[in-house]
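Undergrad: The residues making up each chain are set out below.
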Amino acid sequence: DTGVSQDPRHKITKRGQNVTFRCDPISEHNRLYWYRQTLGQGPEFLTYFQNEAQLEKSRLLSDRFSAERPKGSFSTLEIQRTEQGDSAMYLCASGPDVYEQYFGPGTRLTVT
Amino acid sequence: AQKVTQAQTEISVVEKEDVTLDCVYETRDTTYYLFWYKQPPSGELVFLIRRNSFDEQNEISGRYSWNFQKSTSSFNFTITASQVVDSAVYFCALSEKEDSGYALNFGKGTSLLVTP
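Protein sequence lines, in the order shown, are assigned to chains A and B. Counted from 1, the first sequence has number 28 at position 28 by our numbering; the numbering is strictly sequential. Counted from 1, the second sequence has number 4 at position 4 by our numbering; the numbering is strictly sequential.
Pulled out of the complex, with its shape left as it was, chain B reads as follows (with noise of 0.2 Å):
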């Protein structure tokens, strides 16, 4: 079964344009961290934030902010004005406790492109 389910597959904006990307997920741990990732066209993956479980405050850095709602096992992610550079695939993953080591389960992706 999928523990994170990003079910926006692909999203187009404008440059200027804000933009958000869902995050579901599905866990029975009560320790767990959650973590966003980008994927360039050049196919490194980059981290981009990671957030506990019993840390429920959300975080803005720059131009990204994230929205964690455990009640709604939600973790959004929010790119204010988007820029060209952003485009990439930007995945969602959960890491628990109980499965391997912490090993990340990650979503299937959305695919962000913005247009100037």
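Excised from the complex, chain A in its bound form (with noise of 0.2 Å):
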């Protein structure tokens, strides 16, 4: 299978924590989008890459959330100094185009 795939599933950390996850895209994807889902709500737009340039990232909640893709690849959300307010879950989708984006598997974070 050759979607979209996140790293970890799940991640619990104590408030203040630094966190990092992973989102591996559909190879040749040059469009990579960050999304966070909390509970009851639809995925709200976090930042996107076309090949490795971050294209937009005022959308990130605060300074304390940045993303990286340094090789248009995989692409890295850091969140630091966490709080409970930062748990949901993290949804990463690629695409070749604006027309398509496919989503994976998330990554839930649970702020203790």
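Calculated from the structure, these hints are not laboratory results.
Simulated pairs of lysine-lysine, DSS-like, Cα-Cα distance not exceeding 30 Å: (1) Lys11(A) / Lys108(B); (2) Lys14(A) / Lys57(A); (3) Lys71(A) / Lys97(B); (4) Lys97(B) / Lys38(B); (5) Lys11(A) / Lys38(B); (6) Lys108(B) / Lys14(A); (7) Lys16(B) / Lys108(B).
These figures come from a predicted structure and were not determined experimentally.
With the hints as a guide, bring the two chains together.
TA: Shown next as structure tokens:
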């Protein structure tokens, strides 16, 4: 299966710790998106990349959030100094163009 | 402001009933795309359909059909002869040319429960 993969699937961390999530897109997809989904809500857009360029990051929730896609392949999303409000599902999606986005299984973060 | 409104939070039907999920969107762009995704209990979002703003032709795929009406800014989704496996949360989403590289703006979702 060559779908979008995300690692880890679940992460439990204590408040104040840093966490990093990884997303491996479908190969040859040059667009990669990160979303956050809280309970009972639809996914909320955070940031996106075209190849290695991060073209939109104003929607990242705070300066504690950052993302990278160093070689235009996999991407990482880091949250520094986690807070309980950061508990959510973090979703990655990739697409070959602007018309399609295929989602990964997500990383569920729990901040205690 | 919410760009996509799914007014129905939860719907419960009995198997074999038809059910329509409503979606109303708001945009000033002339070029935009509308989507429906399914999120089963396993959590992974599954793409169902994409329509662009220049194509109002309705679409049918098996038991699924979609009605796109620009005049009312609606993109409704109908499941005919529902089945238990249709139980999931369904999201309508909008992507616009002028917004963050066509990032998806999702509604809050409609939770569909189909009982035997």
